[in-house]
Structures are given as C-alpha cells and as structure tokens.
Amino acid sequence: MVATTSNEPEVFPGNAAQVPVLRRHVLDLDDFTAEEITATLDNAAAMRAVLERDVKKVPALRGRVIVTLFYEASTRTRISFEEAGKILSADVINMTASASSIEKGESLLNTGLTLQAMGVDVIVVRHPHSGAPHFLARNLNNVAVINAGDGAHAHPTQGLLDLYTARDHLGELAGRKVVIVGDVLHSRVARSAVWGFAKAGSHVVLSGPPTLMPDPVAPGGWGSAGNNGVENPLANVTVDTNLDTAIEGADLVMALRLQSERQQRGFFPSLREYIRRWQVNDARMAHANPDALLMHPGPMNEGIEVSSSQAHGDRSLIEEQVTNGVAIRMALLYQLAGAAVAEN
Amino acid sequence: MPGRRIIDADEIRRAVTRMFHEILERNRGADGLVLAGIRTRGVPLAERLAEQIRQAENIEVPVGRLDINLYRDDLSERPRMRIRPTTMPVDVAGRTVVLVDDVLYTGRTVRAGLDAISDLGRPLRIQVAALIDRGHRELPIRADFVGKNIPTRQMELVRVRFHETDGVDDVSILQRG
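These protein sequence lines map, in sequence, to chains W and Y. Mind the numbering: the first sequence is residues 1400 to 1743 in the working numbering, read in order. Mind the numbering: the second sequence is residues 11 to 187 in the working numbering, read in order.
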C-alpha cells in the first residue's frame, strides 16, 4: 500500500514547530491564537494521511476513554468524533439524552461528575444551551471538554474543519474574501467560522435577510471596534444583505442551513423569497471568483440555501468537509491527550 | 547548550559511506530496497544513503518518511504535539525496508517505527540503520548498520545535527540540564 504518492520537497521545521499546543478544553475558537490554529490544521493534515490508508488505525490513544454526550440530535458530528476516536484506538462511548438518566432528570453537572468518576478522559458535548460546555469545563477537574455545538454560540470543530478545507484548496487564507450566507444570527457554525477566518486574516462578508444578521454596532459585537480600544479580530467582518453584491469577487462561499421554524417566527416572509434573494445558485456563483469554492456545514436543504447544481457541482467541497472533519477531530483529541499528560 | 563535539562533518561523511556499503553488501545490491527515515533527522540520513547508492550503483532507492508519534508508547511521558504526514513512495510489501534514524538509544523509537511500517504493508524484512548507537537499550532491538558506537552515560544527551535540518554537520554530547 502506498501511503501517499506526493514527493514534494521536504521542509524541515525549526525548533519553533516543536512548540507544543497545550490546551485543556476546546470550547470556542475565540481563544485560539492564529499559530495554534495553524498547528492544529497541520496535525490534521497528518491525520488525513492516516484516513487514506488501508489500515485506518493507529495506537496513539490506546487506553483513553471518550464519551460523546449529545443533548441534541446529530449524525455527522457524533459519528465523526466516534470515528476519530476509534481510529486513534481510544474507547468511545456514545451517550444520548433520550436513553440515559438525563431522561430521569439528572442535571448536566451531575452527569459530568458521574462520567468523571468513571475515569473518562474526554467529554464531547453538544447542548441546546449556549455555554453548557463551558459550564462543564469549569466544574470538572480531570476531564477535557470539547464543544460539539452549544446553542447559537459556537461549534469550534466545525470552524476548524472549514478552515482546513479552505486552506487545502486556497493555500494562504489571509486577504481572501469569504462570504457566509444565511441565518448568521442563530448559527453557531457561522460564529465559529467567522472567528477562524478572521484570525486567519480573511475578509469575511455576512449576507442574508436583514432580520437574520447580527447587529453590527453592538458593543464588542460583529465588526465593531471592540471594547476599550482592544484590537478586535472581527473588525474585518462586514455585512452586506444583498448577496448579489456581497458575492462579487468571493474566493469562498459558505451557505448556512436554513431552519424552517425561523420563517414561522417571522424572520423572513417566505421560502420562495429566501430562495430568490439568497440561494447560492449558478447565476450568483458566476459573480464570485472563477475558481471560487462552495461549502455547507450540513445537513443541507438542497434547493433552498444551495441549488442542486451547485451542491453537487465542481466547486462544491461539501463531502470533503465531512472527511476533513474526522481528521480535525483526530488532531484535537490527540492534542488534548498530550496536554493532559503535560499538565500532570 | 554548549556541547562536546565528538564527530565532525568529515567523520559523518565517512560513516555514511561505510553504512551504504554495508547495506548493499548485506542485501547483495539495492534491488527491492526501500529506505524509511524516521522524522526528523532520520530523513536526511536516509536521503544521503539513497544519494550515495545512486552515485555508486546508478539505482534509485525510494525514500519514505515516517512520523512515528502516533505509535509511541510514551505519550504519557513526552507529549509530542506536532504530527507530520508519513509518506512512502512505494508499496513496502515484498521489499526490504531499512529503517533509518540518527541515534539508537532505548529502542522505543525503532519499536514504534516497526509498528508504523507494519501498518503500511508486509515487507519481506526490516533492517535498522543508525548513525550513532549510544547503548542503554530498553527493548530487545539491535541495529543492523551503525555509523559509530558511542558509549554514553544516561545523564548525557547525544545531539546529531545535519546540514539539511540544522545548517551544520556534527555530533555532540551534551549534559542533561
């Protein structure tokens, strides 16, 4: 079996490349430095090579226990974490709210303490309430917590896989124009992607119905100058609700999932209007850069936020994002295990 | 860290020359041979051996690069946070793989390298080449080809530098600080 056929000239890292990445938890991308993001993406590239082998198994995390604790439905994120853990030889236990003592009313904290007492090393948590993973991380001393999506707040592993996929195709991300289209207001995927791309130096443009845009003038909010004069990494984020102008010259277009209940709550008049003004379709992509790429975090409402021709077209990276998600989660699980050891 | 230089560039060159002769002699030529350098400094050593073989025999020996961090048994002791891709330009099945590293010490890196190669396929045989053998083995592993045996104390560190990675060719003994 050939591991990879690429024989690009070897670049030998200096000692700087050996600086360890040490963090106990992965809760959001706002506390990642640009260097740590780069290091994580580099590790993910090595993990990606493992995924391409016949034997997708390495012993790195043998003897470690990972629990996926999901209070919300999910297929791709949960299975992605499970596969990542298993390829690294960790033992992965899946726990869903509907089939556990959570149904009997056990609190998040007590569930966390119970898992900690069982000697679990990593808890991967998805929760409908923003801040739930932070709460767990604050209250558990011996467990690493990974946020797999909390309310409308953050989805850092999705943000990192988006960055990985973009970097893999675009190379340098600084100065690139990234357009994020749709329900940005309620999207944890968008929030994490914005942090990631902004830190990588990309110019992020948010587009969609005005009612689904974050408030650009909120103190410390999107695109504001930040609090107390501190440099705000989001200063280079702008809003343009007209997708036809927003998409001009874009290098990357990311469409977000539209949840139909938003229409019932009056955020936009009708699906037809949404499709007419904000669907990413052939005509709109023609205004982006000729080699612009299309991403979507899934699950996709094909024909609503993205036209079928674009979803399955040459520029679509939607399936690649899924593969890269496994590699990113492998890299993070490996880094957290190393950090836990370094601390003790 | 100032060290006591024990081998200079000329001695490294002679050691590499002797090693490539021994590799060819033991394997009766370079047919079916693959060199697998263990990152980081096993890679330039493997590339130098391949270059010498090319000049002497006019045969291109493929060079793979192994990152063995995912196979280490001492994540608990020494977290290595940067992983780099393992590349192997040919199928190792049915070939003789020479695992190449700069220093052979406890044998744990070689053990991890053996596992890494096994996951790529089933070679005919695996041999081990190291520029420096400093002793203090913790596993039943030995080198087939050694550039130089250097008796050391466990308190000491052996630092190999190659022009490709460090801008200079030498080997020094440092005191663990």
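By construction, these hints were calculated from the structure, which means they are not laboratory data. Fair warning: this is a prediction, and the values are worked out from it, not measured in the lab. Think of the CB as a built atom: it goes at the ideal place given N, C-alpha and C, for glycine as much as any other residue. Treat the hints loosely; a few may be bogus.
As the list claims (entries may be wrong) - Derived lysine to aspartate or glutamate pairs resembling DMTMM-like cross-links, with alpha carbons at most 25 Å apart: (1) K158/Y / E61/Y; (2) K1456/W / D125/Y; (3) K1485/W / D125/Y; (4) K1485/W / E1451/W; (5) K1455/W / D83/Y; (6) K1485/W / E35/Y; (7) K1455/W / E61/Y.
What the hints assert, rightly or not - A few chain Y residues that face chain W, going by a derived Cβ cut-off under 8 Å, partial list only: (8) R38; (9) N68; (10) E70; (11) L80; (12) M91; (13) R92; (14) V113; (15) Y115; (16) G117; (17) D129.
A quick look at each hint next to the structure:
Restraint check: the Cα-Cα separation between K158/Y and E61/Y comes to about 20 Å, which is no more than 25 Å; the hinted pair holds. A distance of roughly 11 Å separates the Cα atoms of K1456/W and D125/Y; the hinted pair therefore holds under the 25 Å criterion. Distance hint between K1485/W and D125/Y is fulfilled; the C-alpha atoms sit about 18 Å from each other, no more than 25 Å. Among the hinted pairs, K1485/W with E1451/W is consistent with the structure: their alpha-carbon atoms are about 15 Å apart, no more than 25 Å.
A distance of roughly 18 Å separates the Cα atoms of K1455/W and D83/Y; the hinted pair therefore holds under the 25 Å criterion. A distance of roughly 43 Å separates the Cα atoms of K1485/W and E35/Y; the hinted pair therefore is violated under the 25 Å criterion. Restraint check for K1455/W and E61/Y: not satisfied, since their Cα atoms lie roughly 32 Å apart, outside the 25 Å limit. Residue-level restraint check for R38/Y is violated (minimum Cβ-Cβ distance to chain W is 26 Å; threshold 8 Å).
The beta carbon of N68/Y comes no nearer than 20 Å to any beta carbon in chain W, farther than 8 Å, and the hint placing it at the interface is violated. Hint status for E70/Y relative to chain W: violated, with the closest Cβ pair at about 12 Å, above 8 Å. Checking L80/Y against chain W: minimum C-beta separation of about 4 Å stays under 8 Å; hint holds. For M91/Y, the interface hint holds, since its Cβ comes within 8 Å of a Cβ in chain W; the closest pair sits about 4 Å apart.
Evaluation of the R92/Y hint against chain W yields a held restraint, the C-beta minimum of about 6 Å falling below 8 Å. Taking 8 Å as the C-beta cut-off, the interface hint given for V113/Y is violated, the closest approach to chain W being about 17 Å. Given the 8 Å rule on beta carbons, the hint for Y115/Y is violated: about 18 Å separates it from the nearest Cβ of chain W. Below 8 Å, beta-carbon pairs count as interface contacts, and G117/Y has none with chain W, the closest being about 17 Å; its hint is therefore violated.
Below 8 Å, beta-carbon pairs count as interface contacts, and D129/Y has one with chain W at about 5 Å; its hint therefore holds.
In summary, the numbered hints that this structure violates are 6, 7, 8, 9, 10, 14, 15, 16.
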